[in-house]
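Engineer: Given the coordinates of chain Z, assemble chains E and G onto it according to the supplied hints.
Chains as they are written, first to last, in the working numbering: chain Z, 3 to 436; chain E, 59 to 357; chain G, 11 to 359.
Mixed in with the good hints, there may be bad ones.
Once the Cα atoms are required to be at most 20 Å apart in a straight line, the calculated EDC-like pairs of lysine to aspartate or glutamate come out as [as the list claims (entries may be wrong)]:
no.: 1; chain 1: Z; residue 1: Lys249; chain 2: E; residue 2: Asp174
no.: 2; chain 1: G; residue 1: Lys132; chain 2: Z; residue 2: Glu165
no.: 3; chain 1: G; residue 1: Lys131; chain 2: Z; residue 2: Glu165
no.: 4; chain 1: G; residue 1: Lys60; chain 2: Z; residue 2: Asp376
no.: 5; chain 1: G; residue 1: Lys60; chain 2: G; residue 2: Glu313
no.: 6; chain 1: Z; residue 1: Lys100; chain 2: G; residue 2: Glu313
no.: 7; chain 1: Z; residue 1: Lys100; chain 2: G; residue 2: Asp332
no.: 8; chain 1: G; residue 1: Lys247; chain 2: Z; residue 2: Asp397
no.: 9; chain 1: G; residue 1: Lys79; chain 2: G; residue 2: Glu114
no.: 10; chain 1: G; residue 1: Lys333; chain 2: G; residue 2: Asp348
no.: 11; chain 1: Z; residue 1: Lys198; chain 2: Z; residue 2: Asp376
no.: 12; chain 1: Z; residue 1: Lys161; chain 2: Z; residue 2: Asp94
no.: 13; chain 1: Z; residue 1: Lys105; chain 2: Z; residue 2: Asp94
no.: 14; chain 1: G; residue 1: Lys333; chain 2: Z; residue 2: Glu208
Hint data in this document are derived by calculation from the structure and do not stem from the laboratory. It should be emphasised that the depicted structure is a prediction, and the values quoted were computed from it without experimental measurement.
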Amino acid sequence: MNKPFVTTSSSGVSSPSRTVTIVQASLHKRYRAEKRFRLLGLSAVICGLAFLAFMFVDIISKGYTAFLQTMVLVDIDVDPGEVHVGNLDQADYQGLVKKSLEKLFPEVTGRQEKRELYALVSSGAGTVVRQRVLEDTSMIGKTIALWVPANDDVDMVVKGHVERNLPESERRLGDRTLGWIEALESQGRITTRWNKTFFKSGDSREPELAGILGATAGSFYTILVTLVLSFPIGVAAALYLEEFAPKNRWTDLIEVNINNLAAVPSIVFGLLGLAVFLSFFGLPRSSPLVGGLVLTLMTLPTIIIAGRASLQAVPPSIRDAALSVGASRMQAVFHHVLPLALPGMLTGTIIGMGRALGETAPLLMVGMVAFIVDIPRGFTDPATVLPVQIYLWADSAERAFVEKTSAAILVLLAFLIAMNAAAVYLRNRFERRW
Amino acid sequence: MDAFVSAKSLKGPGKPTQGDRSVAGLENKSGMESQGLGGKTVGDVHVADPRMTCRHVNVFYGDKQAIRDVSIDIGRNEVLAMIGPSGCGKSTFLRCLNRMNDTIEGCRVTGTITLDGQDIYDPSLDVVLLRAQVGMVFQKPNPFPKSIYENVAYGPKIHGLAQSRDELDEIVETSLRKAGLWEEVKDRLQQSGTGLSGGQQQRLCIARAIAVNPEVILMDEPCSALDPIATGRIEDLIHELREQYSIVIVTHSMQQAARVSQRTAFFHMGDLIEVGPTDRIFTRPRHKLTEDYITGRFG
Amino acid sequence: MKRFFYAMTALCILAAAQAPVNASARDYIYIVGSSTVYPFSTTVAEQFGKAYGFKTPKVESTGTGGGFKLFCAGVGVEHPDISNASRAIKKSELETCAQNGVKEIVEVKIGFDGIVLANSKKAPVMQLSRKDIFMALASEIPDPKGGAGMVKNPFKTWKDVNPALPDVKIEVLGPPPTSGTRDAFLELAMEEGALEIASLKDLKKTDEKAFKKVAHSIREDGAWIDAGENDNLIVQKLLTNPNAVGVFGFSFLDQNTDKIQGAAVNGTTPTFETIAAQKYPLSRPLFFYVKKAHVGSIPGIPEFVKEFTEDKAWGPQGYLADKGLIPLPDAERASVRDAARAMKLLSMP
Numbered sequence: 003m004n005k006p007f008v009t010t011s012s013s014g015v016s017s018p019s020r021t022v023t024i025v026q027a028s029l030h031k032r033y034r035a036e037k038r039f040r041l042l043g044l045s046a047v048i049c050g051l052a053f054l055a056f057m058f059v060d061i062i063s064k065g066y067t068a069f070l071q072t073m074v075l076v077d078i079d080v081d082p083g084e085v086h087v088g089n090l091d092q093a094d095y096q097g098l099v100k101k102s103l104e105k106l107f108p109e110v111t112g113r114q115e116k117r118e119l120y121a122l123v124s125s126g127a128g129t130v131v132r133q134r135v136l137e138d139t140s141m142i143g144k145t146i147a148l149w150v151p152a153n154d155d156v157d158m159v160v161k162g163h164v165e166r167n168l169p170e171s172e173r174r175l176g177d178r179t180l181g182w183i184e185a186l187e188s189q190g191r192i193t194t195r196w197n198k199t200f201f202k203s204g205d206s207r208e209p210e211l212a213g214i215l216g217a218t219a220g221s222f223y224t225i226l227v228t229l230v231l232s233f234p235i236g237v238a239a240a241l242y243l244e245e246f247a248p249k250n251r252w253t254d255l256i257e258v259n260i261n262n263l264a265a266v267p268s269i270v271f272g273l274l275g276l277a278v279f280l281s282f283f284g285l286p287r288s289s290p291l292v293g294g295l296v297l298t299l300m301t302l303p304t305i306i307i308a309g310r311a312s313l314q315a316v317p318p319s320i321r322d323a324a325l326s327v328g329a330s331r332m333q334a335v336f337h338h339v340l341p342l343a344l345p346g347m348l349t350g351t352i353i354g355m356g357r358a359l360g361e362t363a364p365l366l367m368v369g370m371v372a373f374i375v376d377i378p379r380g381f382t383d384p385a386t387v388l389p390v391q392i393y394l395w396a397d398s399a400e401r402a403f404v405e406k407t408s409a410a411i412l413v414l415l416a417f418l419i420a421m422n423a424a425a426v427y428l429r430n431r432f433e434r435r436w
Numbered sequence: 059m060d061a062f063v064s065a066k067s068l069k070g071p072g073k074p075t076q077g078d079r080s081v082a083g084l085e086n087k088s089g090m091e092s093q094g095l096g097g098k099t100v101g102d103v104h105v106a107d108p109r110m111t112c113r114h115v116n117v118f119y120g121d122k123q124a125i126r127d128v129s130i131d132i133g134r135n136e137v138l139a140m141i142g143p144s145g146c147g148k149s150t151f152l153r154c155l156n157r158m159n160d161t162i163e164g165c166r167v168t169g170t171i172t173l174d175g176q177d178i179y180d181p182s183l184d185v186v187l188l189r190a191q192v193g194m195v196f197q198k199p200n201p202f203p204k205s206i207y208e209n210v211a212y213g214p215k216i217h218g219l220a221q222s223r224d225e226l227d228e229i230v231e232t233s234l235r236k237a238g239l240w241e242e243v244k245d246r247l248q249q250s251g252t253g254l255s256g257g258q259q260q261r262l263c264i265a266r267a268i269a270v271n272p273e274v275i276l277m278d279e280p281c282s283a284l285d286p287i288a289t290g291r292i293e294d295l296i297h298e299l300r301e302q303y304s305i306v307i308v309t310h311s312m313q314q315a316a317r318v319s320q321r322t323a324f325f326h327m328g329d330l331i332e333v334g335p336t337d338r339i340f341t342r343p344r345h346k347l348t349e350d351y352i353t354g355r356f357g
Numbered sequence: 011m012k013r014f015f016y017a018m019t020a021l022c023i024l025a026a027a028q029a030p031v032n033a034s035a036r037d038y039i040y041i042v043g044s045s046t047v048y049p050f051s052t053t054v055a056e057q058f059g060k061a062y063g064f065k066t067p068k069v070e071s072t073g074t075g076g077g078f079k080l081f082c083a084g085v086g087v088e089h090p091d092i093s094n095a096s097r098a099i100k101k102s103e104l105e106t107c108a109q110n111g112v113k114e115i116v117e118v119k120i121g122f123d124g125i126v127l128a129n130s131k132k133a134p135v136m137q138l139s140r141k142d143i144f145m146a147l148a149s150e151i152p153d154p155k156g157g158a159g160m161v162k163n164p165f166k167t168w169k170d171v172n173p174a175l176p177d178v179k180i181e182v183l184g185p186p187p188t189s190g191t192r193d194a195f196l197e198l199a200m201e202e203g204a205l206e207i208a209s210l211k212d213l214k215k216t217d218e219k220a221f222k223k224v225a226h227s228i229r230e231d232g233a234w235i236d237a238g239e240n241d242n243l244i245v246q247k248l249l250t251n252p253n254a255v256g257v258f259g260f261s262f263l264d265q266n267t268d269k270i271q272g273a274a275v276n277g278t279t280p281t282f283e284t285i286a287a288q289k290y291p292l293s294r295p296l297f298f299y300v301k302k303a304h305v306g307s308i309p310g311i312p313e314f315v316k317e318f319t320e321d322k323a324w325g326p327q328g329y330l331a332d333k334g335l336i337p338l339p340d341a342e343r344a345s346v347r348d349a350a351r352a353m354k355l356l357s358m359p
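So that you can see chain Z by itself, here it is in the shape it has in the complex (with noise of 0.2 Å):
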């Protein structure tokens, strides 16, 4: 209590006067000091957002207009000679938009120029003008004006991302092409729209058809096994590893084992998933089962040590107080650690159901790595995921696709927040404090 805290004078005794003086010198220096601290530590936070808002700025700048889309306005012929009751749904409804794309432009004639077109509009645009059909037969010998999806190139062109007044041979587009963009343009036949179809089909090889409604389903199916396998196993093992297991060689060994399980790269749970549910158990390859599977492998050890964790951080006065009226150690660590521990449980696991959104490595492996166009309607059926949808389209040539790319990120972060925002509403909506 007494100890002396300066060091004393000559004299062997300190006096209060020199302690001030001494105190009073170092304080410029630590206040110095700590005022540099805090200028780093702000510098790095900064630094840090810094990146996130260049991120941020550069996905959404690039991603935007995909979640636009450029309509044609084409007035369609529907003609009882090519459509009627017999062929509504093989009739030729892209030969309808072409005729009346021709109309517009009579004076196109040769076949190369016609060629160039058709080409005006997407090759979707047919599906369109079919639906429109089924759903109103009447329409069949009357003309109906219509929107209709624009091509890649061409949507890239009145979207701005690619310049108009550049020389002729260094665009994609011909001047006849662009010609024709403008006289529509002019006659407000061009617009661009909420991009429905973005969010409502699956893969497509032409940029103004590709959705990610097919990813996202395959998102869904494959965290959903992954979440309902890996929850009730991670918990279980950390409740046992934690609150039953005998303390012995053993189980460090295991210990050592699921932390360094944790550092794997996630492609080595592809691998072992290929061997394992594919060679031997023969489950359907490309599935979100499987791959819900694999996934579910890799967040394993991620859930167990969150879950350790937060069992860790209940007070011993919780087990002693029902130990001590008389609760089995079941009944202690059911009817009370357990529940102070799930919401730390659950941010783990939900962090973890986050990684395992964004994998796509592992997934390589079992086949999830493919061109699907059809939505997957159940576990088996063939799929992919919104990261592998983003890597497919990354690696497209087509121009249209890097906007593409962007919006699909921008709504697998999207994903992500809501996950992790998931994450803290139910922690701060479990967490009781003691």
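Structural biologist: Quick look at chains E and G alone, frame taken from chain Z:
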């Protein structure tokens, strides 16, 4: 640090003492050795009608011995206070009495402890059953982070003591009344137990312990985290509870031991140094260590 | 907390109800293989799905070698029906196939892919010969000072290689060794370039292995940079660095003509026409292989082959040409089409 008080001032106000005897006879250390039990313990470890008996109890943490050959009886309807400097083993010994030491890795207990003649370390005895008979209140109030009602009802629920909801309600009310908390919380039974004040929380823990109707209640420094007013209420409560239960209380405060207990046991470095009626221990300690401790020469 | 557990239980039940229905049947075509053929194969798959009312085939981009590994693993629904390749199937791969019971294979040559060396439009067009490419990029070259034996590549700038070339640092961004484009580049540019040097030509005659080693070793001193599998990335890097040259597939040049230009190789610039006429030297054929044993059990395989070999798909005006596939000459296309539709088998070893 808290023992800078003279032996005389130890008697609580309003607690009758056996007269103001001098500390003469302190030299008479050899007198009244217990008969062959705990050869080193001064004073009589026996009581006439013991609820619990402890014989030659040793406790080891790994290689370290925390309790050395302790023998003592716990009588019916008495409050036994265990005092001694920090680390003397009194809490460890207390935790032996309801086998809470089982939860500690590497802890080993030898010797015999019986409850109503039944060896509590007998493998055939279920520890859950033991703890239903020997309740415990801890140093820091540790109510479950659940409602007040749930806290008290938990024990009866898991043991199936109540046949109906009404019966359970009754147990909760009785226990809270016994713990002197009913009037304060009867309107907010569904509120969290952790929202109460420290003293209330501790009384809630006592209510929780007595809800399963035990025979013995162990209290491990129950007032160390409480202010003097809350402490006073708990001490009054202990007095009332003695009519029904045997109580063993570990305390750092010698005033408290003097106020609440009938018998006092002094522990030092894992040894039970001296046992005796509280008045005599505090007025005429026979062992030098006891004297030094209660007069504040160490501890 | 209880509600949460109920929710989890409900999820489990939902998942169990969805459990594997019947994993043994497959009603869609399963395609694997080359990432170069992937864009074409997927385009056809999509059109096929729309036009014929079958389920859209599943196309996995596994690389040519990886594709054959899966393709040759056996006959049955769990194995692919079609494998895409940016080179002809190897004898060793055919042997593996045969061992695993895959004995009836139909080969379909679908067109060409050009490999281009391109740079930013801000820089002048490069005029390269294959010898220049080899001399600039090989890790060891015959001593340019006339001495005997091989020396470590000493060239720093293109001008060092050939005085007619610009005086800029050699900086080539190209695909990593795992890529099929890299294999093709080594074979078509490096190997052919090496053959234009007399001493190496002699070496090939005497010691083929040693020659391959020389021709297939790319500099590791920073002149060549492995830029990853993503060709778009290479294009972007070219824009920021006008001195750099990128190596990638023709379709990426085709899509980015406003930003980059292809170098002329042996006097020919890479264009749709020059590659189709097989004038541009760095071009390779592309294939897909069909497992005939699956025809009949997996629905739609003949129709898929038919769709792929329609002129509206792989013809000079077809939709694959828009995606960057260089079509076969008319006569060859007709003969390949007839053979493919008749499911003419490849002779097995």
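Engineer: Each hint needs a verdict: does it hold in this structure or not?
Structural biologist: The hints, checked one at a time:
1. Z:Lys249 - E:Asp174: Roughly 34 Å between the alpha carbons, so the hint for lysine 249 (chain Z) and aspartate 174 (chain E) is violated.
2. G:Lys132 - Z:Glu165: holds (16 Å)
3. G:Lys131 - Z:Glu165: holds (14 Å)
4. G:Lys60 - Z:Asp376: With a Cα-Cα distance of about 11 Å, the restraint between lysine 60 (chain G) and aspartate 376 (chain Z) holds, given a limit of 20 Å.
5. G:Lys60 - G:Glu313: holds (12 Å)
6. Z:Lys100 - G:Glu313: violated (26 Å)
7. Z:Lys100 - G:Asp332: Holds, at about 18 Å.
8. G:Lys247 - Z:Asp397: Holds. Lysine 247 (chain G) to aspartate 397 (chain Z) sits at ~15 Å (cutoff 20 Å).
9. G:Lys79 - G:Glu114: holds (16 Å)
10. G:Lys333 - G:Asp348: Measuring from Cα to Cα gives roughly 24 Å; hence the hint is violated.
11. Z:Lys198 - Z:Asp376: Measuring from Cα to Cα gives roughly 17 Å; hence the hint holds.
12. Z:Lys161 - Z:Asp94: The hint is violated at about 30 Å.
13. Z:Lys105 - Z:Asp94: Judged against 20 Å, a Cα distance of about 17 Å means the pair holds.
14. G:Lys333 - Z:Glu208: holds (10 Å)
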